[in-house]
Amino acid sequence: MIINDDILTTVPIIFSVLNWFGIVVFAISGGLTASRKEMDIIGFVIFANITAIGGGTVRDMMLGLTPVFWVEQTLYIIVASCVGVLVFFTAHIPQSRFKLLLWADAIGIATFCVLGSQIAMDANISPISAIFMAIITASFGGLIRDVLSGDQTILMRREIYLTAIFVGSTTYIVLIELSIDKNYAAIAGFSTCLLIRGLAIRYNWYFPGYKSRPGRDY
Amino acid sequence: MIINDDILTTVPIIFSVLNWFGIVVFAISGGLTASRKEMDIIGFVIFANITAIGGGTVRDMMLGLTPVFWVEQTLYIIVASCVGVLVFFTAHIPQSRFKLLLWADAIGIATFCVLGSQIAMDANISPISAIFMAIITASFGGLIRDVLSGDQTILMRREIYLTAIFVGSTTYIVLIELSIDKNYAAIAGFSTCLLIRGLAIRYNWYFPGYKSRPGRDY
Amino acid sequence: MIINDDILTTVPIIFSVLNWFGIVVFAISGGLTASRKEMDIIGFVIFANITAIGGGTVRDMMLGLTPVFWVEQTLYIIVASCVGVLVFFTAHIPQSRFKLLLWADAIGIATFCVLGSQIAMDANISPISAIFMAIITASFGGLIRDVLSGDQTILMRREIYLTAIFVGSTTYIVLIELSIDKNYAAIAGFSTCLLIRGLAIRYNWYFPGYKSRPGRDY
Chain A
1 MIINDDILTT VPIIFSVLNW FGIVVFAISG GLTASRKEMD IIGFVIFANI
51 TAIGGGTVRD MMLGLTPVFW VEQTLYIIVA SCVGVLVFFT AHIPQSRFKL
101 LLWADAIGIA TFCVLGSQIA MDANISPISA IFMAIITASF GGLIRDVLSG
151 DQTILMRREI YLTAIFVGST TYIVLIELSI DKNYAAIAGF STCLLIRGLA
201 IRYNWYFPGY KSRPGRDY
Chain B
1 MIINDDILTT VPIIFSVLNW FGIVVFAISG GLTASRKEMD IIGFVIFANI
51 TAIGGGTVRD MMLGLTPVFW VEQTLYIIVA SCVGVLVFFT AHIPQSRFKL
101 LLWADAIGIA TFCVLGSQIA MDANISPISA IFMAIITASF GGLIRDVLSG
151 DQTILMRREI YLTAIFVGST TYIVLIELSI DKNYAAIAGF STCLLIRGLA
201 IRYNWYFPGY KSRPGRDY
Chain C
1 MIINDDILTT VPIIFSVLNW FGIVVFAISG GLTASRKEMD IIGFVIFANI
51 TAIGGGTVRD MMLGLTPVFW VEQTLYIIVA SCVGVLVFFT AHIPQSRFKL
101 LLWADAIGIA TFCVLGSQIA MDANISPISA IFMAIITASF GGLIRDVLSG
151 DQTILMRREI YLTAIFVGST TYIVLIELSI DKNYAAIAGF STCLLIRGLA
201 IRYNWYFPGY KSRPGRDY
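Residue numbers (our numbering), protein chains in the order written: chain A, 1 to 218; chain B, 1 to 218; chain C, 1 to 218.
Incorrect hints may appear among the rest.
All copies of an identical chain are treated as equivalent in the list; a pair is satisfied when it fits inside any one copy or across any two copies.
[Claimed, not checked] Pairs of lysine to any residue residues, derived as SDA-like cross-links and limited to a Cα-Cα distance of at most 20 Å, are as follows:
no., residue 1, residue 2
1, Lys211, His92
2, Lys37, Glu159
3, Lys37, Asp151
4, Lys37, Trp205
5, Lys37, Gln152
6, Lys182, Val147
7, Lys37, Arg158
8, Lys211, Glu38
9, Lys211, Pro94
10, Lys99, Ala123
These aren't lab readings, by the way, just hints derived from the structure by calculation.
Chain A on its own, in the form it takes in the complex (with noise of 0.2 Å):
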């Protein structure tokens, strides 16, 4: 009992839980996008993977944790792929595509804002460092996503995207630093990351952007 209260402290089942979550709802956003360009099936589940395993693929590459993630653990790549099937034969069921990625998407990013921490902290890497590597992990796949498909990133719009990973990030590793247990910081965490992206979707909150005059072209 001892041991598998120990065991359960250690590597909390809910992390286990909001990865598969995270990976799924991010391959749903990736294959929504692969829906809105109108792209063949091959598509959809490139777009999914892409999404999915995209973050995380890039922070192990920077850890040095290679080879990478679903390498070793196909499973993600497996369901990534199922996932992006799943989509190009149900896209047309929800009545707004756009809006179901948006949440999907904000879903995806308080997951791993969370799980990205937890990882980077593994490595035993500085907090500050594990705050940069958790907005690398959630924010990277939709960004690739963006860019491979001919999207405005994120980075362009002005909406309180990466703001809603720092704090939900910040959240976990501070309680973690105070010594609160992991299963109520991983919960703290990305209830903070999803409230504050959820409340600027739903009221179309923005930072005021840089006021002066706006680039010539190249």
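Following the hints, put chains B and C in place on chain A, whose structure we already have.
For chains B and C alone, coordinates are given in the frame of chain A:
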């Protein structure tokens, strides 16, 4: 004699031939992209290198095979650079650079879907991951070329492209798992990929795209 | 005293000065890009970081120097972030942000073509690979900045840019191979790169482009 045979079985000469052949045709395709965009000679050299060694570089970084392959084998960047210079002075000769680009690229992906599969399996990863790595090896050089030159990436078009890589590398890996001689497996994988892609170019094959409503702009 | 001298010879202070100077000017150039696109303050911080640490991050991943440099030396991301915030509040002051951006970028590439060469040679790679690594270190931060901000990358323009990096790092590496003192070699490499790029900006130098027929659209 026996030792010699063993060495031949372990590192079949066909891989060395395919390898340099692939580097050259991909470097040509990079140079042709540079010519279509009317770049200067430096642009030709850079795009020849990006296309020829980009896919393998990403693969090596993901697998942790660092320093990446061309750092110690500088012949790769020397050959790709020379091809870039050569294309700068000869790209006006072919009647249709566009068609030549398509076919050079087709031969390149057929080559690297086999080589990428083999390198991935040498790293002792599962067959499914090896197929993914083969797709990355064969397609990422061209993807980075397209993103940096501002062209629409192949992912956005509905031609049979990644499918050809997928079938070619699966053919190769299945034959290897069935203990077929590497030389035959390599020829089979290469031919399958080139045949499918070639037919797709010649007869304008494409997959049906997702058809519902195009996405609205952000 | 002798030990002190040895240390000075091994890690000349000029590299430390150049290093932070390069980080700051590249962070400024990232912030100025953000201002030209009228981003919010988060965008300024992100683009300052991408431009300042992007090239070195790609270099470290390719060489296998992981975790990449800024993970353990968080001062890099702290400094770049502060510069981003500072630019947000001061970018309206210079008369031409565009010209400032060009010159900050020029000083940045002169700095990092020397530093990138040195770090590559510390990793015991061949001089030719070291020159390629220097080009990657000096140019990839700006390349990623341009791709993510939707600007045309420097690769598509015909200005003397990569050539300046190439000549600067070659100068440095040749002098080092000739056993010239690192301090002098660094000053020579830096000056050569900045001089060539500076003249190119001032007198609008560019290479002749490939001239035949532009490519047709896909």
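Taking the hints in turn, this is what the structure says about them:
no.: 1; hint: Lys211 x His92; result: between (40 Å within a copy, 9 Å between copies)
no.: 2; hint: Lys37 x Glu159; result: between (23 Å within a copy, 14 Å between copies)
no.: 3; hint: Lys37 x Asp151; result: both (10 Å within a copy, 16 Å between copies)
no.: 4; hint: Lys37 x Trp205; result: between (27 Å within a copy, 19 Å between copies)
no.: 5; hint: Lys37 x Gln152; result: both (13 Å within a copy, 12 Å between copies)
no.: 6; hint: Lys182 x Val147; result: neither (35 Å within a copy, 38 Å between copies)
no.: 7; hint: Lys37 x Arg158; result: between (23 Å within a copy, 11 Å between copies)
no.: 8; hint: Lys211 x Glu38; result: between (36 Å within a copy, 6 Å between copies)
no.: 9; hint: Lys211 x Pro94; result: between (38 Å within a copy, 14 Å between copies)
no.: 10; hint: Lys99 x Ala123; result: neither (36 Å within a copy, 42 Å between copies)
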